[in-house]
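Undergrad: With chain A held as given, fit chain B onto it using these hints.
These protein sequence lines map, in sequence, to chains A and B. Using the working numbering, read the first sequence as starting at 246 and increasing by one per residue. Using the working numbering, read the second sequence as starting at 203 and increasing by one per residue.
These are computed hints drawn from the structure, not numbers from a lab. Where hints are given, some of them may not hold.
Per label pair, the in silico range of CB-to-CB distance [unchecked claim]: (1) A:D286 <-> B:R206: 51 to 57 Å; (2) A:Q509 <-> B:T204: 33 to 39 Å; (3) B:E239 <-> A:E251: 54 to 60 Å; (4) A:E291 <-> B:G249: 40 to 46 Å; (5) B:G249 <-> A:Y255: 38 to 44 Å; (6) A:P505 <-> B:P448: 46 to 52 Å; (7) A:L522 <-> B:E445: 46 to 52 Å.
In the BS3-like style, the derived pairs of lysine-lysine whose C-alpha atoms are separated by at most 30 Å in a straight line are [as the list claims (entries may be wrong)]: (8) A:K262 <-> B:K456; (9) A:K524 <-> B:K380; (10) B:K502 <-> A:K263; (11) A:K263 <-> B:K405; (12) B:K361 <-> A:K262; (13) B:K551 <-> B:K502; (14) A:K292 <-> B:K405; (15) B:K550 <-> B:K494; (16) B:K494 <-> B:K456; (17) B:K361 <-> A:K292; (18) B:K502 <-> B:K527; (19) B:K405 <-> A:K262; (20) B:K456 <-> B:K405.
Covered by chain B, according to a simulated footprint, are these stretches of chain A (three or more residues, beta-carbon under 8 Å) [claimed, not checked]: (21) 331-342; (22) 512-521.
Here a beta-carbon is modelled for each residue, glycine too, at the ideal position from N, C-alpha and C.
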Amino acid sequence: MPTQVEHSEYTYLRPTKKFPNVWCAGCGIGIVMGALIRAIDRIGLEKDDVALVSGIGCTGRMPVYMDFNTIHTTHGRALAFATGLKIARPAMKVIAIMGDGDAIAIGGNHFIHAARRNIGITAIVVNNAIYGMTGGQYSPTTPIRARASTAPYGNIEPPMPICELAQAAGATYVARSTVYHAIELDRYIEQAIRKNGFSLVEAVSYCHTTFGRMNKLGSPTDMMRQLKDNSVSVNAVEKLSPEERETKIIRGVLHDVEKPEYTQLYEQLVKSAQASLQKT
Amino acid sequence: MTIRLMQGNEAVGWGAIAAGCKFYAGYPITPSTEIAEMLSWELPRVGGKFIQMEDEIASLAACIGASVGGLKAMTATSGPGFSLMQEHIGYAAMTEVPVVIVDVQRLGPSTGQPTSASQGDVMQARWGTHGDHPMIVLSPVSVSQSFDLTVKAFNFSEKYRTPVILLMDEVVGHMREKIELPEFDSVERVERIATDVPPEWYKPYGDSLSDVPPMANFGDGYRYHITGLFHDMLGYPTTRLDEIDPWIERVHRKIERNLNDIVLVEEDLSESDRTIVVAYGASARSARHAVKLARQRRTKVGMVTLLTIWPFAEAEITRIAQFAKRIIVPEMNLGQLALEVERIAGRKKVVRVNRANGEMVTPQMILEAIEDR
Chain A
246 MPTQVEHSEY TYLRPTKKFP NVWCAGCGIG IVMGALIRAI DRIGLEKDDV ALVSGIGCTG
306 RMPVYMDFNT IHTTHGRALA FATGLKIARP AMKVIAIMGD GDAIAIGGNH FIHAARRNIG
366 ITAIVVNNAI YGMTGGQYSP TTPIRARAST APYGNIEPPM PICELAQAAG ATYVARSTVY
426 HAIELDRYIE QAIRKNGFSL VEAVSYCHTT FGRMNKLGSP TDMMRQLKDN SVSVNAVEKL
486 SPEERETKII RGVLHDVEKP EYTQLYEQLV KSAQASLQKT
Chain B
203 MTIRLMQGNE AVGWGAIAAG CKFYAGYPIT PSTEIAEMLS WELPRVGGKF IQMEDEIASL
263 AACIGASVGG LKAMTATSGP GFSLMQEHIG YAAMTEVPVV IVDVQRLGPS TGQPTSASQG
323 DVMQARWGTH GDHPMIVLSP VSVSQSFDLT VKAFNFSEKY RTPVILLMDE VVGHMREKIE
383 LPEFDSVERV ERIATDVPPE WYKPYGDSLS DVPPMANFGD GYRYHITGLF HDMLGYPTTR
443 LDEIDPWIER VHRKIERNLN DIVLVEEDLS ESDRTIVVAY GASARSARHA VKLARQRRTK
503 VGMVTLLTIW PFAEAEITRI AQFAKRIIVP EMNLGQLALE VERIAGRKKV VRVNRANGEM
563 VTPQMILEAI EDR
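Pulled out of the complex, with its shape left as it was, chain A reads as follows:
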């Protein structure tokens, strides 16, 4: 007998938005969207207190379906918009949703500086290692030798490690999982949103329509299985040989520290500026 499953997701979808969504059937982005909703639901945030800020690309289309304050900005600049919004509304949970090209290529500068400031924004980067919306051009996370529509002879550029970049730049919470590990993703996104500071979750996904086709990786199910087989928990990394570590996707909370958050520091700055004004 089938059991009744409660889908809290539905209460967070916009009743007025025309579905279906823009993503290809079998895409992993929807799983990240589900994980985000479940995380928000678990924390118990009011819809009015959440803002989703996205850039351009397949992942950039995610906020429109969800019933929060949502803003779909320009390519690469989600974190810059989010910075202004967070400063204007420090109590608001501001979540920036980006793809790999969006966050790391055109938006790389904003990414490192938002992390450096440790402003209380949660960044979610859906990494499918390709520019999907424009037809499969290589991105800053495309693996070496992989083919893309602008790398017909194979990619010769090394990929950018997103989590390590965020950590080096100053983020206080950094975690990585994959769209196969949806429950893990729920948990990391929840922890990231709860974090008081700049937090990053890299959700490794796939694009079967472009990357998968050009690299003969099979169906969405095949690519999902590859995520499962090619990833390993951070706790098991020590058991791997150095060569194996290079090729595996390492999942887990990679970095978690406490540092003063930007908007709180600014609040103190305003107080001391006003106090010194009263003295004069």
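TA: Chain B only, in chain A's frame:
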């Protein structure tokens, strides 16, 4: 009221505070930096926020984000930074988010001459971002007017839900002059039109009598979507022609129907003047002096100062073209706004007086043009 000696750039900062600006994001660039320095000091004192961003693209993005969050926001830059901001000027126009962008023009193209004056961004201010969009651009002549027009820029921006550009030039920005600073409480402030409908009825881009839909701020209980894509009345992306056409018509109409409010000009002429000088910004200062010298020599000449340069003062120029025989347009560029004067004034003689080497157009150059009949 207090009388002060200050720079044009500093007056812009005070104008912003008087207008209720509570957020500034910028990136250092000559000759605009004094605005950022001044506001980094003053904004926290009035409970505002200042942030120095990683570049000009991020600066305008942060301003738009803050404005969506409900703060009046401004950024300031110069030529190269203004070029970088163009995409987000279009984004603010498309999403109808109020924001003020100050461009203290310097000699270009490219890095050009950072400390030299120019009026080379006139066309960029109008057409720099892609696509069709209305644009309000104001250009002050004096330090005192830098204050007044900054307040106006905020007020237009909030009233019409549109980005407004304050097009300064290095001369007015860096010049020191007497200014009578009013009590800030007495300055007219316009606030964005808030919505009074329940959240489930709210249409962020819906019809309204004034063509300016009420704007809810994020966090006020009206959850809606903002996108740079063409969108329907609820803010959702659309490809429907019957939703795209009304949008583009409405955003142009909201400016075009209010030209009487937006187009600011100063006149010093009579209908018997056959020669009229039309000028703006620092060039208007030289022009006024040239007109004074010409009148001392009993030469009849009129003067029009354009404080709003976009939308262009078509009605004003059409009117003077009815009695003027010659219109002289001095500019610190090779002829940008003169193109508009030529377009409107038809067969009347339009005389360009240009200088694009970083130096001002001198009164002497304009005087020669006035007397060269």
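Undergrad: Looking back at the hints listed earlier, which ones does the structure fail to meet?
TA: Checked against the structure, the hints that fail are numbers 4, 10 and 16, while the rest are satisfied.
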